[in-house]
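Undergrad: Input sequences plus hints: build the corresponding full structure.
Protein sequences, first through last, are from chains A and B. If you count the first sequence from 1, you need to add 8 to reach the working numbering. If you count the second sequence from 1, you need to add 8 to reach the working numbering.
Just so you know, not all the hints are guaranteed correct.
The list treats identical chains as one, so a pair stands whether inside a single copy or across any two.
Quick list of in silico lysine to any residue cross-link-like pairs, SDA-like style, CA-CA up to 25 Å [what the hints assert, rightly or not]: (1) K445 - S70; (2) K221 - I123; (3) K221 - V420; (4) K132 - Q300; (5) K221 - P362; (6) K14 - S454.
In short, the hints are calculated from the structure, not lab data.
Number of protein chains: 2
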Amino acid sequence: MNALTKDNYEFFTKLLKNRVSTDDDDLKKYGHDETEDILILPGIVLKPETPEEIAAILKYCSENHLPVTPSGARTGLSGGAIPLKGGVVLSMEKFNKIISVDTDNFQVTTEPGVITQVLQETVKEKGLFYPPDPASKGSCFIGGNVSENSGGPKAVKYGVTADYVLNLEVVLPTGEIIWTGANTLKNSTGYNLTQLIIGSEGTLAVVTKIVLKLIPHPTEDLLMLVPFRNAEEACTAVAQIFKKGITPSGLEFMERDALLWTINHLGESTVQVKNDHAAHLLIEVDGFDRAQLMEDCQTIMEVIEQYDIDEILFAENASQKEALWKLRRSVGEAVKANSIYKEEDTVVPRFELPKLLNIVKKIGDKNGFKSVCYGHAGDGNLHVNIIKGDLTDDQWNNELPLAIRELFKEVVKMGGTISGEHGIGLVQKQYMDIPFKPVSLELMRSIKRIFDPNGILNPDKIF
Amino acid sequence: MNALTKDNYEFFTKLLKNRVSTDDDDLKKYGHDETEDILILPGIVLKPETPEEIAAILKYCSENHLPVTPSGARTGLSGGAIPLKGGVVLSMEKFNKIISVDTDNFQVTTEPGVITQVLQETVKEKGLFYPPDPASKGSCFIGGNVSENSGGPKAVKYGVTADYVLNLEVVLPTGEIIWTGANTLKNSTGYNLTQLIIGSEGTLAVVTKIVLKLIPHPTEDLLMLVPFRNAEEACTAVAQIFKKGITPSGLEFMERDALLWTINHLGESTVQVKNDHAAHLLIEVDGFDRAQLMEDCQTIMEVIEQYDIDEILFAENASQKEALWKLRRSVGEAVKANSIYKEEDTVVPRFELPKLLNIVKKIGDKNGFKSVCYGHAGDGNLHVNIIKGDLTDDQWNNELPLAIRELFKEVVKMGGTISGEHGIGLVQKQYMDIPFKPVSLELMRSIKRIFDPNGILNPDKIF
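TA: Listed below in structure tokens is the structure:
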């Protein structure tokens, strides 16, 4: 239905010269992201270099009703970058420049195709900090982070991507280039188009420039790994730490198998998981005053020692810290390497976390599936990885969605929702009726139609 | 055109019984807010008590094309609550309950008609902190803060209202009641309707419940008032303080006349403004560790002593702190008591502040007007109060808007915008073409039409 014509091909080639590909390997490469095992081939891959080129492409595609899927580093976990209806993949990889680091105003202006970690390291050289750090920070693009409103371990103290975006240059599907806001810390000028674009998963506009707020980079941090003999107790401890007035800069939960599989996957020996370890908390505090952080750790220990824990591992130096964080960041790929799985990105108010874990396991028992859970416990954000294991294809394809639906209903009852940081994309859209009433979904669909009257931009995602 | 019929009156009286008024005094009371001297009478004032009553009112008004203006404590400074087209004023004053303070999850759920300071004091009793504190905090409603995305002095460290709103229950103009999001710290589930409603000035929906994030309440603060002999130097010092790695919890600028007029207005004698004082910075730091705050003050002093300053006044106790903050919070009403004026709520990246002050004065000199400037310097948010003084009505009404236009163009050139925290409402809408292209304004107007197809809710505001 959306096969490209010779005319289409000629238009794109004239516009972009050799930055156009229909090569089989390229179509495959851009036909998937990190979401399960989904592959859908686009008709063509375009690599524009300027907002004006994108404007020309989108205007042409709008007029010709050609689907366009913006594509970043394809590290997404909800299928946002998968070209569901074929057509054009618009790769943002050539938008790879950090335009300016403004040390006077603590801001950075960047193109979207910059790797998040590169951005972080660049501003850190000037003493500045861009905190959001998804597990894929070494490969994901900052533009993808904006599109999915990415989080990461630091979000618990420092907030998510949306909390740092001041202003966006975007190209509308109809071809106009606009700035959504201003480069200011406050803004009460009209509707917040900036926040509307953030997390809209490339369905409303293509982001071409991003102005981010920065903060002073903390100079000290301390990290500890705590083995719990009871996973629900680990979850319970989380809210208790905050109730002591401590805001850790990382508070991560890993179930036994999450950590074990990762250790095996990486061949890493820093940590030994004993037979009676049911779960671990990885806890980081950061700031500018080491003595204060030592005190914070003391307070945290007083909290966790009330539970059934084994010996705490304190990271003694930078390389041990890096090793522990690497373990945590690699859980996702370890689970992926281990089994066919589905990942649910549940999020609840943090005190509800033990209840959430309990419900996950109960629904699993009832429906015969095993799950491996981990995530940003301080935010109440639990990644539930459902393992295919011995389930038949019929159970996997037809029964499991009903169990997931049951889980999401419980999550919403707790004041939570169905995605904390991965987005809805392709794989969660069938569940959007759980957090939202039909009238809310219709408002969203109507907003989509305003921005994209011909429905060309990342079609059939989210709803 | 929008006169109420006998039928309309009967409908409202049947629904709300005695919570309906067409009394002259009431119509006058609800016909203005704190914006200059504008008074426009509504046809009727309604005081609903439940979301369901609001739903019935809005549905009826939609069907009957009756304009509805939501009304909070009417402390707004952009005319958002003025019933421009008459019709119905929907007073939210009966929505005055704090529904729950959740000390497990650091959240408060409140109705919108709660006074901001009451909310702050209620959560403070549990050790929790809701930071946004507009100057009118003792009388404004939290719902109005949501509608205008209010800031205040603490925003420089803690952010604005939008940074604390997790979830909203709203009634749509067509009568449906929805929740916009979830009670979670992270959310990547569909378009961000929550942030779209915040700052939309009562044009998209009526807010009936608000879930706010809270943080641990700091236990210590230090406050100093610094007299500068050169106002631009005071502005220059602001960004330099941040560049030393300090994030004050308040960094306020007051021009000579702002402070002098306020001292006279209040009959207050804590502070003496000498002949050579051109401006003052009021600087607060807060946290949990007094020794750390003393160090921060030391660093701040090292910065400001590089400029031509007079003796610094350190607040020695709680009552002196309160006296200094009272001075700052009363500048607005002192200016208002002193002269006919227009207030512009300019905001720029903070390093541009001296340039902004310079441009304000230059445009004033060229156009023959005097201005009194003050505001949240740490945010780059300068309130420019233009004084009528000797200007003729013709100059005031016809020439001044051109000068303001010139000022706003310069603000936007600096990366700034035309409202940092007061909103656009009625009095700034003529300038919306400066920060936004026509296509952006048309996107906003289209969003308005989606939510409010019959255009009944706070009509003719913002655009």
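Undergrad: Run every hint past the structure and note whether it holds.
TA: Hint-by-hint comparison with the structure:
no.	hint	verdict
1	K445 - S70	between (30 Å within a copy, 21 Å between copies)
2	K221 - I123	within (17 Å within a copy, 31 Å between copies)
3	K221 - V420	between (32 Å within a copy, 18 Å between copies)
4	K132 - Q300	both (22 Å within a copy, 23 Å between copies)
5	K221 - P362	between (34 Å within a copy, 20 Å between copies)
6	K14 - S454	neither (33 Å within a copy, 36 Å between copies)
Against the hints set out earlier in the document, a violation occurs for number 6 only.
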